[in-house]
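Chemist: Sequence:
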Amino acid sequence: MATKSGEIVYKIYRALTYGISPLIRLHLRWRRFRGREHPLRWRERLGRPSAPRPAGRLIWIHAVSLGEGLAAIPVIKCCLERRPDVTVLMTTTTTSAL
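Counting from 3, one number per residue, gives the positions in the sequence shown under the working numbering.
Don't read these hints as lab results, they were simulated from the structure. By construction, the Cβ of each residue, glycine as well, lies at the ideal position given by its N, Cα and C atoms. Keep in mind that a hint or two might mislead.
Cβ pair distances, simulated, as ranges [to be verified]: (1) C80 / I22: 34 to 42 Å; (2) C80 / P41: 12 to 20 Å; (3) T95 / L18: 18 to 26 Å; (4) L28 / P76: 33 to 41 Å.
Taking the hints into account, I'd like the entire structure generated from these sequences.
Modeler: In structure tokens form, the structure reads like this:
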């Protein structure tokens, strides 16, 4: 059961994120204009997927940087060798990691 202070903190968090959401949209559009966001995939940062979720089991690997993306490749290969029935989804925070 959640504590009263935890509920208050959560409500404050929700209010702040809701309040700044227009600024986040403007920031992402500015980044897209400057070439720092993928022109067709920037909406993914707002939680809007560009592709439907595949059926079955999914392994989600998130890499923050190009180095993490490269380091994840052997992990992905190992996962697919052991479990060829799963789909691997790799997400990144930078376009250079693609």
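Chemist: Does each hint fit the structure? Answer for all of them.
Modeler: Do the hints match the structure? See the list:
{"no.": "1", "hint": "C80 / I22: 34 to 42 Å", "verdict": "holds, 40 Å"}
{"no.": "2", "hint": "C80 / P41: 12 to 20 Å", "verdict": "violated, 33 Å"}
{"no.": "3", "hint": "T95 / L18: 18 to 26 Å", "verdict": "holds, 21 Å"}
{"no.": "4", "hint": "L28 / P76: 33 to 41 Å", "verdict": "holds, 39 Å"}
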